[in-house]
Amino acid sequence: MSKNEQHWEKTRGLLFVTLAIWFVFSIGIFLFGAELNEISGPFGYPLTYWFTCQGSLGIFVILIFWFAGRQEKIDEEFGFAEREAD
Amino acid sequence: MKGNFIDNLPKVYGIYTGGFIGFIILMAIGEQMGMTAKAIGICFVAFTIFIYALIGWLSRTAQVDAYYVAGRQVPTVFNGMATAADWMSGASFVAMAGGIYFKGYGYMALLVGWTGGYVLVATLLAPYLRKFGCYTVPDFIGTRYGGNLTRLLAVIVLTVASFTYVTAQINATGTIASVALDIPFQYAVYIGLISILLCSMLGGMRGVTWTQVAQYIVLIVAYLLPVFWISNEIGAGFFPHFMLADEVARIGELEQQFGFVKNSAADLATVPKGLAGITKAHSAVNATPWAFISLALAMMMGTASLPHVMMRYFTTPSVKAARKSVGWSLFFIFLLYSSAPMLATLSKLSLIDPSLPTGIIGKSIAEVQAIDWYQNWNAANLMFVSDFNGNGTLELNEFFMGGKAVVLATPEIAGLPYVISGLVAAGGMAAAMSTADGLILAIANAISHDVYYKMIDPKAETAKRLTVARVLLVVIGFAAATIAAMEIQGILGSVIWAFDFAMSGLFFPLVLGVWWKRANKEGAIAGMALGLASGMGYLIWVRNGGSGFLGITQLTFGIFGAAVSLVAMVVVSLITSAPDAATQRMVDNVRVPAGKSII
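Those protein sequences? They're chains A and B, same order as listed.
Counted from 1, the first sequence has number 66 at position 66 by our numbering; the numbering is strictly sequential.
Counted from 1, the second sequence has number 462 at position 462 by our numbering; the numbering is strictly sequential.
One or more of the hints may lead you astray.
Claimed, not checked - When the alpha-carbon atoms are kept at most 20 Å apart in a straight line, the in silico EDC-like pairs for lysine to aspartate or glutamate are as follows:
# : chain 1 : residue 1 : chain 2 : residue 2
1 : A       : K10       : B       : D588
2 : A       : K3        : B       : D588
3 : B       : K596      : A       : E76
Everything labelled a hint here was simulated from the structure, so no lab data went into it.
For clarity, every value in this text was computed on a predicted model and none was experimentally measured.
For reference, chain A alone in the conformation it holds in the complex:
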């Protein structure tokens, strides 16, 4: 397998992991919205309500930074990172 193919395979792996987490917090939990809302969530808000107004949103922010960091590592591993600093 060429270097490019290996790099792309790892990149795609990271994509699937990131999208799986994204799916859970954007769609997955809302399939059980009514049941989860019975549970008391952070700061005492009903759990589903908390996810829609803070939880999912905050998780998306963290997820993107985490993804960006991991992708940089993959690019560096194969020597595909850009040289200039941002």
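Guided by the hints, dock chain B onto chain A, whose structure is given.
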């Protein structure tokens, strides 16, 4: 502005923020000394627009690179702020808290959709389009798939989506300008338009970038300050985001106590147009999972297809910076979006809780009609009470409000000084202007670069290209303002449609262009044309009394459009020949951050 302007950015915007806070304090002192509410409103709106125009003038440029992509040197954090302002429109600022106030949980699918979409932007598209080195989104489609037809179709989808969106924004600037400056709406729309063009005409993307950063600072201060202040004023806690659980629970109790009484059609006919009452539970799950998820999904895929957002990531210095910048964008958006439900909660509780001094439910109708703020907002056609059951007291189902009133009127209801209302007007103006700027620029750039330069006159000189771009900017702006002045549609409805149009025609052609090497020109043509046509057809069908299917409504028709687009693109790509070796190499190149850009 020389190169070291970029190094000085934190200082420049630090001074700017300090100056803005100083201005707010000055206005507060002015209010104490007897400045009228009207004068304060005019000062806020005029002063902020003057600053944006000044930035626009200082950013003037005669270089193509600066005009189209701000010279590709915008640092990640600042690009994040600019994107947040570009993204958060009049709808986010003025209408969102109102929507949550009326519809509660079911409406909050928009919060999840309008943030979750950035995960798709960061992972699927932004870094790759940045590596591509294009000036516009159709530039990517045209180069990746080849041929003028693909380019033209991309321009058409972009124009349909962005134009739908921009009329709503110009409408919002007109509404705010007409209230703050006290002039008729038909004129205020053009004042709004001229302010918008001042920011973008001379400096293109560079001017828009630096004004959007300035606008973000104004809009976030204008949104957060009242939320924190109101929360403290009514004793709900000094940090509302972490402390409103009791208030949310109390609203639930009151809903139980009052019940959601359904008004008769005859009674509702007496309520002024555009006003609504509370008919849905605040925090309880009141939508079916599919209604919630389909709306969130449509908004997420729409986010990843809207060209005015995507083109912001063309301005970062590197691919790496583009990825991080998406994170910063969402962080800055998160600050406002996580506050909107808090504002809705505070607003609702202070109005409906009989045990609070501001509560009006349970009071006698005559008493409510005598309140100062009720009279003001009733005169502005944003509030209405009526004694349907004739018992003399106000019931929950007898109180009606306009969606905008939640953001615009709550400071006054909670007893905050007028200076806050002036600040909120300036914030709403900033939100609507910054989005309108991004949208008009996206359309004008696509037509000037992709249609004029790439198809009609590829030998055009720089000066001529930029002149065409600027003329188009003005023409499109005036066309949008003219339609906005007709007031065909509400702000929020047309914003949601824009997302659906964009995802119908562009989501899969963009994503598969990077992630599926086998995707070819014929497939892209089918994907864009059939996607947009079927999405639009579905909308027209449902609007004309069609029943729809699978629970897809006129707010989520993009799901149908995008599904057709995906199937058409895959099938047509597979039955036609694979892209040539050069195109395949191009895709390989896009997937690697290092090395030269494609174009």
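Status of the hints after comparison with the structure:
| no. | hint | result |
| --- | --- | --- |
| 1 | A:K10 <-> B:D588 | holds (14 Å) |
| 2 | A:K3 <-> B:D588 | holds (11 Å) |
| 3 | B:K596 <-> A:E76 | holds (17 Å) |
Comparing the model with each earlier hint shows no violations; every hint is respected.
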